Structures are given as C-alpha cells and as structure tokens.
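In order, the protein sequence lines correspond to chains A and B.
For the first sequence, the numbering used here assigns the number 1 to the initial residue and increments by one for each residue that follows.
For the second sequence, the numbering used here assigns the number 1001 to the initial residue and increments by one for each residue that follows.
FYI, nobody ran anything at the bench for these hints, they're computed from the structure.
If you're wondering where the values come from, they're calculated on a predicted model, not measured in any experiment.
Wrong hints could be hidden among the right ones.
[What the hints assert, rightly or not] Sample of chain A residues with no beta-carbon within 12 Å of chain B, all distances over it, derived:
1) S20
2) K52
3) P61
4) E82
5) S86
6) A92
7) S94
8) G108
[What the hints assert, rightly or not] Computed list of lysine-lysine pairs in DSS-like fashion (alpha-carbon distance at most 30 Å, straight line):
9) A:K41 with B:K1056
10) B:K1104 with A:K40
11) A:K41 with A:K52
12) B:K1077 with A:K36
We put the CB at the ideal spot given by N, CA and C, even for glycine.
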Amino acid sequence: DTAVSQTPKYLVTQMGNDKSIKCEQNLGHDTMYWYKQDSKKFLKIMFSYNNKELIINETVPNRFSPKSPDKAHLNLHINSLELGDSAVYFCASSQGRAPSYEQYFGPGTRLTVT
Amino acid sequence: GDSVTQMEGPVTLSEEAFLTINCTYTATGYPSLFWYVQYPGEGLQLLLKATKADDKGSNKGFEATYRKETTSFHLEKGSVQVSDSAVYFCALSDQAGTALIFGKGTTLSVSS
C-alpha cells in the first residue's frame, strides 16, 4: 500500500490556467506538508497543516491555496499559473509536530507550465 | 534563520570507494538532523536521523553522527555500490517541528 500518494504524477498546462494537485496519506498522521523542488533540486517548504489547520505559510504567492478536507488529505490549488511555477511538488506527512518525527514523502508531481 | 549547508556535487566514485558528504547547520536550540535520499524519478526517503548531540544514525551501511560542537552531521559509507547513486539531502527540523529545512543536495554517481 502506498503511504503518501499524489495525483497526477505529471501535469502539463498553459500559462493562466488553474490546476489542482491531490495528496492522500494512509498512515494516520496528523501533519501534512507541501514542498517545492526547483530545477536545481532545491527543496523548500510551502505549507504545513496540523489537524487540518494551517500552521506554516511560507512566502508563497496567494495564487497557491492549500485545502485540507480531512486529516488524510491535503490538496494544492494553483490559480493563474506562471512559467516560474514549473517545478516538482512534493506532499509529505508526519506523525505530529515534534522535531524528531520523520516526514514521509509522496512520489512528487512534475508541473510544467508552457 | 535556520539553515543547512552541504558540499556541492556531483560526487563521482568507483564501486567500493569510501564516501563522505559534508553537512553543517545553523540553528537555534537543538534541532533534529536527517539525511534523505532521492533516487531518480522518485520522492525522498529517510536514510537516517539523529535527534540529540552525539547520537549516531545508521542505515544500509550509511552513518552520520550529530556533532554539536562543530554543528555538523557528515554522511559516511565505507564501501559504496552502484545502487547508491542518487541525490542526498541533509536536513534539520525546526524547533516547532513545522518544517524540514534542506541543504541543496549532493548528487552521488557510483560507477562499476
């Protein structure tokens, strides 16, 4: 069974469109995250949710809006896509917020904006 | 703010060579430290972790020791294999446990 899954795996779209990426975890974890990996492989936190509540919102354009319908899901909606949004987006989850908890990552969604 | 610095790659080694990937950190308090590995086309997997000073994390022949005095968490393996070829990320967890802060990643390429 896949622990953290994301759909779609690949997403190719044009500038100006709106798209969503879905994430689900079946680990029973309380905390979920979105990270962005740029073309140089640098990973940066975007959002962090604990028990469906937003606890981190890094300097991310407000075109990006996370939504957590329940503890097992954290979706990412992106409005008015721009070329610079092209990246790999990773969802992750952890048992809680303690610093010692490891994070489990999904396989990533490669977004290409043309 | 908190940050992680790891050696620039790529690192190219022959099979059975010794591997060291350097990682140093800057953080307030006592963060937990992690090494994650990313194989081509895949997500990140935890390789090992250490949660307090002098802890040694180990897994699959890889080791790293949490050195508070030098703020380092260097990754080592005595004998690398072709299957170890991947990108390795050093990371720390901020004190609130709200995010991982990653280094820039080091690409390892092992040839037979």
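We went through each hint and held it up to the structure:
Its beta-carbon lying about 19 Å from the closest one in chain B, S20 (chain A) satisfies the requirement of being farther than 12 Å from that chain. At the 12 Å boundary, the C-beta of K52 (chain A) stays outside the reach of chain B, the nearest C-beta of that chain being 15 Å off. In this structure P61 (chain A) is separated from chain B by more than 12 Å, as the shortest Cβ-Cβ distance comes to about 18 Å. No beta-carbon of chain B comes within 12 Å of the beta-carbon of E82 (chain A); the shortest separation is about 23 Å.
Interface exclusion of S86 (chain A) from chain B stands, the closest Cβ pair being 17 Å apart, more than 12 Å. Distance check on A92 (chain A): its Cβ comes as close as 8 Å (rounded) to a Cβ of chain B, failing to clear the 12 Å threshold; non-interface status is violated. Look at S94 (chain A): its CB is around 8 Å from the nearest CB on chain B, not clear of 12 Å, so calling it non-interface is violated. The non-interface label for G108 (chain A) is inconsistent with chain B: the shortest C-beta to C-beta separation is roughly 5 Å, within 12 Å.
Proximity of K41 (chain A) to K1056 (chain B) is assessed by CA-CA distance (about 27 Å); at most 30 Å being required, the pair is judged to hold. Under the criterion of a C-alpha separation no larger than 30 Å, the hint pairing K1104 (chain B) with K40 (chain A) is consistent with the structure, at around 8 Å. The straight-line distance between the Cα atoms of K41 (chain A) and K52 (chain A) is roughly 28 Å, inside the 30 Å bound, and the hint therefore holds. Taking the CA atoms of K1077 (chain B) and K36 (chain A), the gap is near 29 Å; set against the 30 Å cutoff, the hint holds.
The earlier numbered hints that this structure contradicts are 6, 7 and 8.
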